Amino acid sequence: MKEESSPWSKTELQIYILLLCANADSVMTEEELKLVRSKTDKETFDRLFAEFTEDTEEESLEKIQDNLVLHEYSHKELGELRKEMFEIFFSDKKFSMMENTLDKILDNILY
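Residue numbers for the sequence shown follow the numbering used here, so the first one is 844 and each next one is one higher.
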């Protein structure tokens, strides 16, 4: 059984969401990872990436939902997060059906 993780900061939650977006089509490209890395420091990225790779998609969504309720996001902050998500989705100039599905799921969770 996995150990319960401690609550994330807004930045950590953002990085985890972006990692999920990068993996939406089951392929994380170096360009997608580079974009996510640019949003945080190496230590935070490495820690969250290690946690992310151990989680199933269901666990990831549950962690995101659990951590979202701990933070109050303004409309502007949510808009910025959505913009970053789309940067990741469109980094390969395509928006796959799996990315679209994940976008809808995250949209329901975020709002």
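Everything labelled a hint here was simulated from the structure, so no lab data went into it. Bear in mind the structure is a predicted one, so any value in this text is a computation, not a measurement. Hints may be right or wrong, so weigh each one.
Below, simulated DSSO-like cross-link-like pairs (lysine-lysine); rule was C-alpha separation at most 27 Å, straight line [said to hold, decoys possible]:
#1 K885 / K853
#2 K906 / K877
#3 K937 / K947
#4 K882 / K937
#5 K926 / K882
#6 K936 / K947
#7 K885 / K906
#8 K906 / K947
#9 K936 / K877
#10 K919 / K882
#11 K947 / K882
#12 K853 / K906
#13 K877 / K853
#14 K919 / K906
#15 K906 / K926
#16 K947 / K926
#17 K906 / K882
Outcome of the hint check:
Using a Cα cut-off of 27 Å, the hinted pair K885 and K853 holds, with the two alpha carbons roughly 17 Å apart. Proximity of K906 to K877 is assessed by CA-CA distance (about 23 Å); at most 27 Å being required, the pair is judged to hold. As the CA atoms of K937 and K947 are separated by approximately 16 Å, the hinted pair is consistent with the 27 Å bound. Between K882 and K937 the CA atoms are separated by roughly 22 Å; this keeps the pair inside 27 Å, and the hint holds.
Between K926 and K882 the CA atoms are separated by roughly 13 Å; this keeps the pair inside 27 Å, and the hint holds. With a C-alpha separation of about 19 Å, the suggested pair K936 and K947 falls inside the 27 Å cut-off, and the hint holds. For the suggested pair K885 and K906, the alpha carbons sit about 21 Å apart, so the restraint of at most 27 Å is met. Of the supplied pair hints, the one linking K906 and K947 holds, its CA atoms being roughly 17 Å apart against a limit of 27 Å.
Simply put, K936 and K877 have alpha-carbon atoms about 16 Å apart, close enough for the 27 Å limit, and the pair holds. A distance of roughly 17 Å separates the Cα atoms of K919 and K882; the hinted pair therefore holds under the 27 Å criterion. For the suggested pair K947 and K882, the alpha carbons sit about 23 Å apart, so the restraint of at most 27 Å is met. As the CA atoms of K853 and K906 are separated by approximately 13 Å, the hinted pair is consistent with the 27 Å bound.
Between the alpha carbons of K877 and K853 the distance comes to roughly 20 Å, so the proposed pair stays at or under 27 Å and holds. Pair hint K919 plus K906 holds up; C-alpha atoms about 22 Å apart against a cutoff of 27 Å. Note on K906 and K926: the hinted pairing holds, with a Cα-Cα distance of about 21 Å set against a maximum of 27 Å. At most 27 Å may separate the alpha-carbon atoms for a hinted pair to count; K947 and K926 meet this at roughly 14 Å.
At most 27 Å may separate the alpha-carbon atoms for a hinted pair to count; K906 and K882 meet this at roughly 20 Å.
The structure fails none of the hints (numbered hints given earlier).
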